[in-house]
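Colleague: Per full-length UniProt numbering, the very first residue in the sequence shown carries number 1; after that it's consecutive.
There could be a bad hint or two in this list.
[As the list claims (entries may be wrong)] DSS-like cross-link-like pairs, simulated, lysine-lysine; straight-line CA separation at most 30 angstroms:
id, residue 1, residue 2
1, Lys571, Lys344
2, Lys477, Lys555
3, Lys571, Lys525
4, Lys556, Lys415
5, Lys556, Lys583
6, Lys169, Lys292
7, Lys415, Lys169
8, Lys344, Lys151
9, Lys583, Lys555
10, Lys98, Lys151
11, Lys281, Lys344
12, Lys176, Lys281
13, Lys82, Lys169
14, Lys525, Lys151
15, Lys98, Lys82
16, Lys281, Lys292
17, Lys525, Lys415
18, Lys82, Lys344
19, Lys98, Lys155
20, Lys169, Lys344
21, Lys151, Lys281
22, Lys556, Lys525
23, Lys627, Lys98
24, Lys169, Lys98
25, Lys525, Lys583
[As the list claims (entries may be wrong)] Beta-carbon label-pair distances, calculated as ranges:
id, residue 1, residue 2, range
26, Lys155, Thr597, 36 to 44 angstroms
27, Met369, Ala268, 20 to 28 angstroms
28, Leu436, Ala99, 37 to 45 angstroms
The hints are simulated quantities; they were obtained by calculation from the structure and are not laboratory data.
C-beta atoms are modelled at their ideal positions from N, C-alpha and C, and glycine is treated no differently.
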Amino acid sequence: MNVKTVLILLALALATIFALVCVLLSRGRAPSICQHLPPEQEDTEDGQSLVFADLTPEEMVQVVRYLQGNLGVQLVDASRAKPSDNCIASVDLQVPAKAEVLRFLDGGGARPPREALAVLYFGNQADPNVTEYVVGPLPTPVSHRDVTVQKYGGKVPYHRRPTLAIEYKQIGGFLKSQVFPSAPAFMQQVMGYNGANLAVVTAAPRGFQSGDRITWFVVFQNVSGFFVHPVGLEVLVDHSSLDISQWAVMRVFYNGQYYRDMVQLESAYVQGRISVEKVRKAPWDGDFSSMKPRAPSAALFPLQYEPQGPRYSVRNNLILFQAWSFAFGMSVSTGLRLFDIRHKGERVAYEISVQEALSVYGSNCPGGMSTRYMDGSFGLGHYTSPLVRGVDCPYLATYLDVHYLAHSQVSRTTKNALCIFEQNLGSPLRRHYSNLQSLYYGGLVNSALVIRSIATVGNYDYVWDFIFYQNGAIEGKVHATGYPSSSFFHGDGLRYGNRLWEHTLGTIHTHSISYKVDLDVGGVKNSLVAHDMAFEMTRAPWSPEQQIERPQLTKKVLDTEDQAAFRLQSKMPRYIYFAANSKNKWGHQRGYRIQITSFAGDHIPEASSMERAISWARYQLAVTRRKEEEPTSTSIYNQNDPWTPTVAFADFINNETITNEDLVAWITTGFLHIPHSEDIPNTVTVGNAVGFLLRPYNYYDLDPSIYSHDGVFFTNEQDFTACEINPLACLPKTASCLPNFPPFTYDGFQNM
């Protein structure tokens with residue numbers, strides 16, 4: 001071997017040793033922690049958003065204290081009240097009138113007084129009723145006024161009151177102490193009842209006519225995921241009396257047969273005159289309904305992080321993100337709501353809010369076939385659930401607590417009930433690759449801000465999202481998940497759903513969601529305009545003997561509420577928008593378009609005696625004049641008396657002129673759910689999402705996202721590996737850092 005070869009080998013060996021040393025040294029060095037940069041948009045609104053802020057626990061304490069000392073009646077804590085007691089059912093923010101708020105926000109007027117809306121049940125008086133009081137000013141209230149007649153045209157009858165948690169507990173006690181013991185042999189030998197191994201689920205509404213408070217309670221095995229473990233027994237309870245000792249069983253249903261009461265069922269069983277379907281006892285984890293993973297943990301799923309910190313800010317109830325700003329809150333009954341939504345400093349919407357979630361069920365069992373849940377009555381905000389970091393929202397999202405007062409005179413806190421995060425949707429918001437004439441690539445990552453809450457109302461979990469895009473679009477979306485409701489499988493059950501397990505019928509049902517969208521496009525006064533397309537038959541100018549079918553733009557101003565009310569199955573213009581009184585650079589009326597994603601069918605036949613209570617669901621879209629006396633599409637009182645609805649949305653539509661007026665869009669989205677075997681153990685969100693988009697339509701002179709800092713553009717003549725040309729080339733430098741993952745915590749099982 002010559003000297004030259006030896007020297008080359010030595011040099012290679014030294015280079016290898018040097019490289020290995022560098023690798024080892026770099027492995028020993030901890031990655032740098034991601035450095036947070038301040039968000040690009042500064043908060044300059046000086047607390048104006050607080051006009052929409054939820055009540056604080058301290059304010060709730062003051063409201064309760066005031067009511068206890070100034071109504072002249074004894075108030076029992078709602079968590080232990082009997083139907084014959086007086087109690088505070090809920091306390092929430094009284095949102096000020098829009099005109100007052102706009103004078104404050106835009107005209108330099110005084111801040112509207114801060115007030116609370118208290119719902120009280122008066123059971124201990126000659127004329128039991130529900131009364132709503134506005135209490136204020138906060139934080140130290142000195143007065144109250146009864147707004148019930150003003151809002152509803154009269155007193156709210158007591159039977160319409162939403163059912164308190166304590167009433168369900170009292171009904172459970174009635175079943176356990178009086179009803180089940182009246183059929184001892186049946187309950188022990190068929191149900192295997194030991195006093196604790198059965199759970200009941202309420203149907204609603206409660207009867208067939210105004211004044212009824214007669215409810216079917218469906219019995220399930222009390223195991224994890226009990227909603228899909230029916231045992232075949234259902235009990236109809238009349239709990240209309242304010243005297244609990246007067247409650248009574250009206251009917252009993254078991255395995256396809258009806259009985260007068262449990263005594264008659266027991267007699268038939270002892271005499272061998274009933275068909276018994278004994279359900280195998282499920283283990284405590286529910287067996288097939290358990291959500292415990294069937295596979296061990298493996299490689300970690302992808303995570304999202306912000307290498308330079310969040311690009312949004314949250315202060316009190318105000319969120320700033322790039323060109324967006326908005327205030328948020330949580331209504332006890334209707335859930336997540338947004339106010340004063342602005343893009344590039346200009347208000348585009350005054351309010352966007354959830355109104356109602358309706359489910360209509362079918363079954364060959366009485367509880368299932370009579371169920372029409374109106375979840376606002378139960379409380380979409382009240383039942384907002386704690387979010388699990390890393391699953392319900394990205395791990396590094398911002399999590400906020402929500403305070404509420406309902407079913408008790410003491411406020412409670414739901415930890416991590418809201419999350420806010422910026423999400424890279426993994427697709428371009430817009431892009432183009434040019435290989436004709438000039439050679440270039442231009443694109444923009446589709447990164448959007450999401451605010452989310454999840455309401456768990458009984459078996460269902462509703463994931464509520466409002467999403468803000470860089471092009472000025474807003475999306476409202478809801479995903480449905482949770483457990484399907486079920487009936488006991490018997491007889492002709494397959495006419496009403498699919499069999500999910502041995503004794504489990506997944507019952508067919510619809511979902512209908514109501515939203516309120518108060519757009520203010522270029523100001524408060526707007527008109528509603530429809531654009532669409534029709535084919536025009538014409539002769540080709542250059543060849544008159546030939547015909548061309550030419551798409552042509554059609555335009556129509558919808559002048560009245562009747563014209564702007566689009567039934568579910570009717571044809572609606574594909575472009576429908578709120579038009580401003582101002583024009584863009586190109587002479588078009590500035591507008592925001594409403595685009596709905598929905599698979600809703602008929603909500604319920606209009607001939608039904610309860611249809612008016614849910615008449616908002618007749619319409620995929622209805623646009624009305626905005627009125628303070630029409631704040632919501634429904635009422636919490638409609639669930640327990642849909643036959644004489646406290647609020648009937650159909651009455652909002654009375655052919656008033658809607659040209660150049662303050663307008664509200666009422667949007668209905670929904671879908672049909674026929675539970676199937678893949679809904680076990682529970683329903684997935686994939687394919688079960690509906691919602692709407694609000695999109696700029698000639699509102700700007702060009703797409704505002706062109707001013708986003710996230711844009712990427714380079715030509716064939718540029719060095720696309722240079723950071724100053726292409727920010728993606730800098731990722732090894734700007735994004736090679738260690739995100740600060742806080743320890744995992746969860747408070748969802750506290751203060752139940």
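Colleague: So which of the earlier hints does this model not fit?
Modeller: The structure breaks hints 1, 4, 8, 11, 15, 17, 18, 20, 21, 24 and 28; every other hint is satisfied.
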